[in-house]
Amino acid sequence: MTNRLKTMLTSGAVALCFLASSAAAQTELRMTWYNDGIEGEVMQSLLDRFEQDNPDIDVTLDVVPYKAILESLPVQLAAGEGPDLARVTDLGGLSEHYLDLTPHVSDPAYWEASFGPFLQWLRRPGEDRAISGFMTQLTVTGPYVNKTLFEQAGVDMPGEGATWEDWAAAANQVAKALEIPIPMAWDRSGHRVSGPAIAMGAGMFDAEGKPALVDDGLKKMATLLYDWHQDGTMSKELWGSVSGSTYLGANEDFANAQVVMYMSGSWQIPQFAEKIGDAFDWWAVPAPCGPAACTGMPGGAALVAMKGTEHPAEVGRLMDYLSSEAVLAEFYGRTLFIPGHLGLAAAGVDFDTDDPRARHALQTFAGAVPGISPTAFDLQGYVYNRVMFNALISRLGEAIVGELTLDQAFERMTQDITRQIAEKERGG
Amino acid sequence: MPPRGDTTAPLARRLQSAAAAPAVLFFRLLEAPFQLIQRVGGLRPMPYLFLAPNLAFFGLFVVVPLFVNFAFSLTGGTNLYLSDRVWTGTEQYEFLLDCTNFTDPLTCREDRFWKGIFNTAVFIVFQVSFLVLFSLITALILNRKIRARGFFRAVFFFPVLLSPVVVALIWKWILLRDGILNAFLVSLGLPKILFFVSPEWAMFWAIFVSIWAHMGFYTLILLAGLQAIPPDLYEAAEMDGTSRERVFRRITLPLLWPNLLVVIVLALIKGVQIFDEVYVLTGGGPGTATQFIVQYIYTTGFSSQVQNFGLASAASVVLGVVLFGLTMAQLAATRRKDDV
Numbered sequence: 033m034t035n036r037l038k039t040m041l042t043s044g045a046v047a048l049c050f051l052a053s054s055a056a057a058q059t060e061l062r063m064t065w066y067n068d069g070i071e072g073e074v075m076q077s078l079l080d081r082f083e084q085d086n087p088d089i090d091v092t093l094d095v096v097p098y099k100a101i102l103e104s105l106p107v108q109l110a111a112g113e114g115p116d117l118a119r120v121t122d123l124g125g126l127s128e129h130y131l132d133l134t135p136h137v138s139d140p141a142y143w144e145a146s147f148g149p150f151l152q153w154l155r156r157p158g159e160d161r162a163i164s165g166f167m168t169q170l171t172v173t174g175p176y177v178n179k180t181l182f183e184q185a186g187v188d189m190p191g192e193g194a195t196w197e198d199w200a201a202a203a204n205q206v207a208k209a210l211e212i213p214i215p216m217a218w219d220r221s222g223h224r225v226s227g228p229a230i231a232m233g234a235g236m237f238d239a240e241g242k243p244a245l246v247d248d249g250l251k252k253m254a255t256l257l258y259d260w261h262q263d264g265t266m267s268k269e270l271w272g273s274v275s276g277s278t279y280l281g282a283n284e285d286f287a288n289a290q291v292v293m294y295m296s297g298s299w300q301i302p303q304f305a306e307k308i309g310d311a312f313d314w315w316a317v318p319a320p321c322g323p324a325a326c327t328g329m330p331g332g333a334a335l336v337a338m339k340g341t342e343h344p345a346e347v348g349r350l351m352d353y354l355s356s357e358a359v360l361a362e363f364y365g366r367t368l369f370i371p372g373h374l375g376l377a378a379a380g381v382d383f384d385t386d387d388p389r390a391r392h393a394l395q396t397f398a399g400a401v402p403g404i405s406p407t408a409f410d411l412q413g414y415v416y417n418r419v420m421f422n423a424l425i426s427r428l429g430e431a432i433v434g435e436l437t438l439d440q441a442f443e444r445m446t447q448d449i450t451r452q453i454a455e456k457e458r459g460g
Numbered sequence: 071m072p073p074r075g076d077t078t079a080p081l082a083r084r085l086q087s088a089a090a091a092p093a094v095l096f097f098r099l100l101e102a103p104f105q106l107i108q109r110v111g112g113l114r115p116m117p118y119l120f121l122a123p124n125l126a127f128f129g130l131f132v133v134v135p136l137f138v139n140f141a142f143s144l145t146g147g148t149n150l151y152l153s154d155r156v157w158t159g160t161e162q163y164e165f166l167l168d169c170t171n172f173t174d175p176l177t178c179r180e181d182r183f184w185k186g187i188f189n190t191a192v193f194i195v196f197q198v199s200f201l202v203l204f205s206l207i208t209a210l211i212l213n214r215k216i217r218a219r220g221f222f223r224a225v226f227f228f229p230v231l232l233s234p235v236v237v238a239l240i241w242k243w244i245l246l247r248d249g250i251l252n253a254f255l256v257s258l259g260l261p262k263i264l265f266f267v268s269p270e271w272a273m274f275w276a277i278f279v280s281i282w283a284h285m286g287f288y289t290l291i292l293l294a295g296l297q298a299i300p301p302d303l304y305e306a307a308e309m310d311g312t313s314r315e316r317v318f319r320r321i322t323l324p325l326l327w328p329n330l331l332v333v334i335v336l337a338l339i340k341g342v343q344i345f346d347e348v349y350v351l352t353g354g355g356p357g358t359a360t361q362f363i364v365q366y367i368y369t370t371g372f373s374s375q376v377q378n379f380g381l382a383s384a385a386s387v388v389l390g391v392v393l394f395g396l397t398m399a400q401l402a403a404t405r406r407k408d409d410v
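The listed protein sequences derive, respectively, from chains A and B.
Note that the working numbering has the first sequence beginning at 33, numbered continuously upward.
Note that the working numbering has the second sequence beginning at 71, numbered continuously upward.
I should point out that these hints are in silico values taken from the structure, not numbers from a laboratory.
Predicted model, so just to flag it, every value in this text is computed and none were measured.
Just so you know, not all the hints are guaranteed correct.
[As the list claims (entries may be wrong)] Taking lysine to any residue pairs in the SDA-like style, the calculated list, with each CA pair at most 25 Å apart, reads:
hint, chain 1, residue 1, chain 2, residue 2
1, A, Lys307, B, Asp248
2, B, Lys340, B, Ala294
3, B, Lys262, B, Trp282
4, A, Lys99, B, Ser373
5, A, Lys242, B, Val156
6, B, Lys215, B, Val202
7, A, Lys99, B, Ser386
8, A, Lys307, B, Ile250
Make a model of the complete structure from these sequences and hints.
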């Protein structure tokens, strides 16, 4: 063998060993993510920083549509093909797939102190210790109004303690005066209806803690919604134009000044700040009142670790980094999300915006948290809350377009919930 | 012999031989076992042997899933793997078929399944009839010597090349409250129409868009059939002074019947399977007005928080039985027509 050949072979072997060792040291983590606004961009920049400090871990952010989080992710997880981490909104519903990070994070006590009440939303029924993730945002449902339209129409905005009926009347007055096509719009979502229903006195659960969606409070709110669709206060385009539990939002219509009052939630703030800017005064107002309360619904999205991961230690390191107070302060500040970290919530976050409308909205929604009804918190933490939400919107939608009477819709809601929970509890 | 000075032909031949060498080697390797089988078993097993690879694929991806689906329909719970699921026997079927009055979905325990069946039936009746009719008329026109015939053939075929989601989105933008069609209506001094809020309009547009998207494909099949009819038959008829209507009934239609049958069967099967276009266009709404059976199966199995695979599978089996019945009826009808 010539010297040249020997040198080539030796160099090749060394290069192969180097490649093999670096490949072995590199752990790839996949994070499934969806975007409401710019949070994907912010998360990517945080992950880039993490990768610089941890060269042995490579994190891939898979950005998917929100629908994929609701529909495809559960199937992937059930098949054992899920990602290592995911951003989810069905917090309790997917809890059977979460990894308990307690042995993998450096300071479980920090997690308990910083995310305490929200950790419970991520736990399986009967569980009280697992740490599976943290809230990337805490959300509160509530309405926005186009204040400029109120001013142009010369109509006073209803004040503190105003009811939904007061707001509907005012929105109608504005729409009539300025020929705005939609006086009021609500996201087509059971979560959005639940807050006002609780304000009307809906209990959501019976004395034994079992779901009891249909009661007088819910009927009152559902009847109001039904009537508003019939008298033109709300357009049937949202609630009446699709079937089942399909989500539809009126954010585009609101941003185009086609809606006077829009019932949605705090997650719209970054989008409105960017899209509407100063084109008109979009204003978040406190949750209108009913006889029982003036409440919205809490909620949010959480970043959770999945038990199917092959790298729990690395997932723990990543979660330690992302959940640290400094990183979360930056994340919430840049994304304009209400913090789901108790320390930051108490200390306040320096939000990265000069927009007075966005700052006012953040203040309004953050200020609404203490007033949220305990029933709303119970419902948010209930593992099958989406079953209740879906039954509510799909059947109410059918009533709104005239396929069912309201009484038939109420009866079907109860049947749907009973049947689905029984199916779930049968096994799995 | 290649022309003098032309060195490309032998080179090309050499390259071809080199490229074909692996295939030649592969078939040479196969030759010996095939000859052996033929020597032992004679000619009879040979067709089955040649069909075996295709049958294996068909079995693996069609027949096995059919049985797995049936097995799923006899189970309950939300576990994905069959071995983890709870045996429920015929419970899912009993739930689906529990109706006081089968003509009124509201009297059924699973009203949405029956609404899906009814909506699909209405869709098929109108969509298949108009699809076949318009495809036939278009093919007849495009078969004549008209100006820019090639252009028009391309125009009618173009929508077939589009993805169903793209088709639905384009039409959705046209039909929305602030879409092009409403802008046109307003320019004529007419009020806007909320097409997706009215059950009748939503069904109309679901049928219309489906016909628009698929008509080109069926037109092409019928056009091929029309071009295969010998022209001397028409010449003979013309010499006899036969009327156009009679030529169509006595020559065109009978000779086009095999193609027409293919079109009807394909349109019917595609009609029952309708999902993607309408799901994107109307979302199944308003209410459940355009929710078809496949959407019901998808929603039940995948898009609910409690993913009810058992019920979705049972609905698939019922749909399969209905389709099987339809196919048999059609075959019987064809056989009767052939006998006549």
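How the hints compare with the structure:
Taking the CA atoms of A:Lys307 and B:Asp248, the gap is near 19 Å; set against the 25 Å cutoff, the hint holds. Restraint check for B:Lys340 and B:Ala294: the C-alpha separation of about 21 Å stays at or below 25 Å, so the hint holds. Between B:Lys262 and B:Trp282 the CA atoms are separated by roughly 23 Å; this keeps the pair inside 25 Å, and the hint holds. With a C-alpha separation of about 9 Å, the suggested pair A:Lys99 and B:Ser373 falls inside the 25 Å cut-off, and the hint holds.
Proximity of A:Lys242 to B:Val156 is assessed by CA-CA distance (about 24 Å); at most 25 Å being required, the pair is judged to hold. Annotation: proposed proximity of B:Lys215 to B:Val202 holds, straight-line Cα distance about 22 Å (limit 25 Å). As the CA atoms of A:Lys99 and B:Ser386 are separated by approximately 23 Å, the hinted pair is consistent with the 25 Å bound. With a C-alpha separation of about 24 Å, the suggested pair A:Lys307 and B:Ile250 falls inside the 25 Å cut-off, and the hint holds.
Going through the hint list in order, the structure satisfies each hint without exception.
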